[in-house]
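Keeping their order, the protein sequence lines are chains L and V.
One point on numbering: in UniProt numbering, the residue at position 98 of the first sequence is 98, and numbering is uninterrupted.
One point on numbering: in UniProt numbering, the residue at position 138 of the second sequence is 138, and numbering is uninterrupted.
Honestly, I wouldn't trust all of these hints.
Straight-line alpha carbon distances no greater than 27 Å define the calculated DSS-like cross-link-like pairs of lysine-lysine that follow [what the hints assert, rightly or not]: (1) L/K235 with V/K189; (2) L/K295 with V/K189; (3) L/K314 with V/K270.
Across the chosen pairs, the derived CB separations fall in these ranges [unchecked claim]: (4) L/K23 with V/E237: 38 to 44 Å; (5) V/D261 with L/D93: 36 to 42 Å; (6) V/G93 with L/R15: 54 to 60 Å; (7) V/G258 with L/D93: 16 to 22 Å; (8) V/V234 with L/P318: 55 to 61 Å; (9) V/G194 with L/P318: 31 to 37 Å; (10) V/G106 with L/D119: 53 to 59 Å; (11) L/S55 with V/S281: 35 to 41 Å; (12) V/V234 with L/A245: 42 to 48 Å.
Since the hints were derived computationally from the structure, they do not count as laboratory data.
In this text, all values refer to a predicted model and were calculated from it rather than measured experimentally.
Ideal placement from N, C-alpha and C gives every residue a C-beta, glycine not left out.
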Amino acid sequence: MAGELPFEKPLSDLRLKIDELKKLGQESGIDFTDEISRLEQRCNQLQEELYNELSPAQKMHLARHHGRPTSLDYIGAIFTDFIELHGDRLFADDLAIVGGLAKLNGVPVTVIGHQRGKDTKDNIARFFGSPHPEGFRKALRLMQQANKFGRPIVTFIDTKGAYPGNTAEERGQSEAIARNLREMAVFGVPIICVVIGEGGSGGALALGVGNRVLMLENAIYSVISPNGAASILWKDASRADEAAAVMRITANDMVDFGIVEEIIAEPQGGAHRDLAAQSETIKEAVWRHLQQLSKFTPEQLITDRYDKFRRIGKFREPEPEDGQEQPVSEPAGTAQV
Amino acid sequence: MFKDLFHKKKYATIPSAQPRTKPDIPEGLMSKCPKCGNIQFSKEIEKNLKVCPSCGHHFRLNAWERLNMVLDEGTMVEHNAELESEDPLSFPGYAKKLEAQKESSGLRDSVVTGEGLIGGFPVVVAVMSFDFFAGSMGSVVGEKITRAIEQAHEKGLPLIIFSTSGGARMQESILSLMQMAKTSAALAKFQGEGGLYISVLTDPTTGGVTASFATLGDFNLAEPGALIGFAGRVVIEQTIRQKLPDNFQTAEFNLQHGQLDKVVHRKDLKSLLTKLLDMHSVKGDIAHGG
């Protein structure tokens, strides 16, 4: 099986055995039907076991699979009449982010996404899907355009993070991300974000302030890559699998935290097994949410989005009156200098 | 023989009863400047607003040192002091580390927020403290900053945030990341309706804090030499496979690349803030001559 991940090996080994047995049966004329059906049964069982209980690390590997569909794959399959638009009008055209106009079921929308490369050359041109400030500013320009013309915005999130480079810093990487976060909060058009692969840190969030955030079943979303976390925690970036387990990066975790509204199922074995089927389920979900949001006024859309993000966070807030909760060292509530 | 008599040592070496010790200087009496290496009385440095008298290096301030320095004396009223971090992910070692940080810093999280006066002008103020968890932003920082913005909005007061941060707090994972969106969205509302926000970036301000509220000021000011950036130097050097210049990501570097309005010496900071507040409180009447 092409592009198989290490944890999928037992399955492909079994499939190989079945194929061998079938071939042997044909060549020798011996009847292996029973053995084959027994093995096929075992194969199906294994498949269920393997894919129904994927660990966070296994999902991370699926999310990073080199064959996983990219934004442009989905744009081509879900929308019609895509017109790609380029440039931030300030410095350059960052190919790590693509965007433009397209029609979804006949309705014009603005669609934007991180874009990984398909091969090495493409990846170099696209900085492996890690944007520079000009990428975020291109996205912002297209979103402002959408806002002006009352078009809904659909974004696809798929990046390891903003590009860590000296020129990116010089041109204001931080400011570019921050500005997107602020501006996206007050657009009066529906914004639907879909995390399709890796949602890495601020570079992902810069396209992620939506009324609805949807997430593919095996996609991940995190503040720092599990590799980065492992190198901070244990001074060993190779322990990413362990870090993935403690960081709560899966779609289910995102639903628990109130960050993601809906998980979009993937074909068994991951999105790369069936682009057409995956595109169809994404299209269905995006369209359904868009239909709901189309009933909102611009003000309602802004309030809806604000309230969603305003709620996120977990902390303790002891009542100032409650003596038991208060530390004895200093007065709570107000303090005078 | 006889001669030796005159060459006789006129002193005797008595072995010291105790091994030689270093001069007895109380802990903290002297401080070494990390930039120029000069060793000076800590008191001298304190008196000089914690700026090295020899080379002008700005030492880091914790939240209360900053508040005492910038706000009019006795005017600070702290808000939301009771907010405390949870361990929402049951992240290995987090709860324990939080306790240790509280102990060592005397703070409950890495930001202090409230209201006070600067040069007589009422302001809402938020000051981050690098001595608590490297000033990292988790749910508590995001919530307190957001409440401060909302408070400034409700009361029609200017907002001043002093940032210093190592970035988002990894131990709260995605919840930390989302605080960037939460604080920025609150700023969108506040600034969109005419609110004045002055951001002062201090050493060091990096990662998720730089990529959210810290760079969104109507005025972005910084202290000399402050490290300000998104990605870390080491990560960048590994990515581009080049050594970066010494001044990379300093306040001066950011100023040169158009990312800041001004780099301000600590001794001039309060008067500049007062001036800015004044310019936004007086509406000149041009038609009738000022």
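Taking the hints in turn, this is what the structure says about them:
1. L/K235 with V/K189: Violated, at about 41 Å.
2. L/K295 with V/K189: holds (23 Å)
3. L/K314 with V/K270: Violated - the C-alpha atoms of V/K270 and L/K314 are around 35 Å apart, more than 27 Å.
4. L/K23 with V/E237: 38 to 44 Å: violated (54 Å)
5. V/D261 with L/D93: 36 to 42 Å: violated (29 Å)
6. V/G93 with L/R15: 54 to 60 Å: Hint violated: Cβ distance 43 Å, outside 54 to 60 Å.
7. V/G258 with L/D93: 16 to 22 Å: holds (20 Å)
8. V/V234 with L/P318: 55 to 61 Å: violated (39 Å)
9. V/G194 with L/P318: 31 to 37 Å: Given about 35 Å between the Cβ atoms, the range holds.
10. V/G106 with L/D119: 53 to 59 Å: Cβ of V/G106 to Cβ of L/D119: about 55 Å, so the range 53 to 59 Å holds.
11. L/S55 with V/S281: 35 to 41 Å: Roughly 58 Å apart at Cβ, these two residues miss the hinted range, so it is violated.
12. V/V234 with L/A245: 42 to 48 Å: violated (25 Å)
Checked against the numbered hints above, the structure breaks hints 1, 3, 4, 5, 6, 8, 11 and 12 and satisfies the rest.
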